[in-house]
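> Below, each chain spelled out in residue letters.
2 protein chains.
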Amino acid sequence: MPEPGSESARIAALISGLPSGEGVIVGPGDDAAVLRPREGRDLVATTDAFVEGRHFRRDLLTSAEAGVRLAAANLSDLAAMAAEPRWALLSLVVPTSWTQAECQLLERACARTLAAAGAAIVGGNLASGEGAFSATLALLGDVERDRAWKRSGAKPGDVLAVTGVPGSAAAFLALALWGNPPSRARVPHDVVERVVAPVSRVQFARSIAATGGVRAAIDVSDGLAADLAHLCAASGVGARIDEGSLPGDEALRAAARALSAHAGQERGPLPAAEGEFLTRLQLGASDDYELLLAIAPAGWADCERIAQAQGVPLTRVGEIRAGDERVLRTTSGDERALDEPGWDHFRNGS
Amino acid sequence: MPEPGSESARIAALISGLPSGEGVIVGPGDDAAVLRPREGRDLVATTDAFVEGRHFRRDLLTSAEAGVRLAAANLSDLAAMAAEPRWALLSLVVPTSWTQAECQLLERACARTLAAAGAAIVGGNLASGEGAFSATLALLGDVERDRAWKRSGAKPGDVLAVTGVPGSAAAFLALALWGNPPSRARVPHDVVERVVAPVSRVQFARSIAATGGVRAAIDVSDGLAADLAHLCAASGVGARIDEGSLPGDEALRAAARALSAHAGQERGPLPAAEGEFLTRLQLGASDDYELLLAIAPAGWADCERIAQAQGVPLTRVGEIRAGDERVLRTTSGDERALDEPGWDHFRNGS
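Residue numbers (my numbering), protein chains in the order written: chain A, 1 to 350; chain B, 1 to 350.
Hints in this document: simulated from the structure, not taken from any laboratory.
Any given hint could be a false lead.
[What the hints assert, rightly or not] Quick list of simulated restraints, FRET-style, between CB atoms:
| # | chain 1 | residue 1 | chain 2 | residue 2 | range |
| --- | --- | --- | --- | --- | --- |
| 1 | B | Glu144 | A | Ala233 | 39 to 47 Å |
| 2 | B | Gly17 | A | Ser332 | 45 to 53 Å |
| 3 | B | Arg38 | A | Gln203 | 24 to 32 Å |
| 4 | A | Ala233 | B | Ala233 | 50 to 58 Å |
| 5 | B | Pro182 | A | Ile25 | 37 to 45 Å |
| 6 | B | Gly23 | A | Asn180 | 47 to 55 Å |
| 7 | A | Glu335 | B | Arg57 | 34 to 42 Å |
Even for Gly, the Cβ is constructed at its ideal location relative to N, Cα and C.
Chain A extracted, bound-state conformation:
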């Protein structure tokens, strides 16, 4: 950690007022942090970076909201392993177009979001650099030994379930990027909320992990179809998704209607079908930080009960099948290949 004097002062200010992490033997201010692992636990480590213009746009997100989403992206990786977040390292590369106050808003929001999930920032780095702002978080957590969820482990017959409303992030972007200037004012309120303040699934993951019913899990950050493909490939299985059961509340439907109408205006007299837009949002590229779970049939009832008790939207969307085909059973009853590139309609690199 270069520039340790200013660095430690910066991090000290950043974490002041937040709970100091458990197991932090040496915090910010030395060459490295010293942390005490809990006995009988495995360590879980992930890193995610947010680059301005690529993972967030300053005309659509405040710097604090970007900080919240950076924390959420990393927390979601840990939730997908059934791990408890503990410690984090935060590094910024800052161009002159960012003020110190903006950086602090991002860092502070990131630190608060992590603290709410049980993790403390224990170190970091600050560097100036030309071009795009970027923030990289490395997040460490732990999980009972040999109990981390993996992407592998799904078996034919397992229930496929998803938390929240995947597609919300895609809807936010697609609607906000209409017209000039981009604006989130035209995005339904509930969709905006899910994007600027994603709910951590860490606690829910820990609770259902204790039931032993979850056989495989993945974080929905690429989109439901793409992440299902990753899970199926790792598990050596196929899957069926039921179009009619995909989660989609009134806000996401309103977004699909608006997108459909907009496409109609652009394309001429034949507006695209609203339902088609909805399905594309639900399955396509979208970084929602939700969980896709393969649950043993006998374990489903327990998971559903825990979800209800915790107020977590958990939707059964299909099942794991033998083979390697992933199919969508449409509302009209026929099946078609769930080919993830086909759902990349709204993908625009951010």
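Given chain A, put chain B in place with the hints provided.
What follows is chain B alone, placed relative to chain A:
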């Protein structure tokens, strides 16, 4: 970790042929890595970022050399805690001006340097971004419980010792940045070697840690005077550095001579004193990845013996004093304040 398919393939290629890390339960390719801490050990965590134009220049370092130095910067932080490197997460933000091949050279060199010190890359992130290339490494290691070195702990009378030849990095930059285009051809060979392939002090640190004689340690990455100031502040002590005992081999002296002659050409008929330039290099801003140690007087002989046995240049440069003054005892015998900003002559932000 977004884009997990390509991500895991990229990391798999990166680490192929390198030793897989010990204690890696789940490596690259899932939402997070799962790692098994060793019982009775504390975890040590650091992060450092290398930003093009700020921490390295492509006209002076190859991408592989930048990767080596990125690993060295992080390894040096762990050496300064007497920790053993174990696992790393590597994140890149890549502008279009960098080819995939250049990125791979950097990553692969970084991974090899880490592997030589016992650490394996277990995850990472790859993002595109406009502007400067940056690479952020988070490095995890471990150390026997409660045995991590800290910056605090130095006591009056302790021997101050330093490894290697601090100032080499400053000499490299100052000489290479003369004239146009910048070129390292005018830098003495041994100085170039110390910059492009810094020797890891991890093993030496582990060995002398076992003697119990080291009371405080810091990584020399800001420069000897500045890092001494950090160590003294953390320990609540002062220090005396003996100018005549500062390490400076023929290569560093040649660099100082060249800088002195160059300054003379620019400034007119009175060339600056060569000795003054040498001292500025030795004490001033310079990221050398060496260790500055405060050693109990009774422990010095053991440390010196181990250094000789391992071929590590270890130089006794002064001692810890009571109070908060840091002074330089010059070769003429008088003492003057060792005020670290005064040694920033060559600092140029990279």
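> Going through the numbered hints above, which ones does this structure break? Give me the numbers in ascending order.
7
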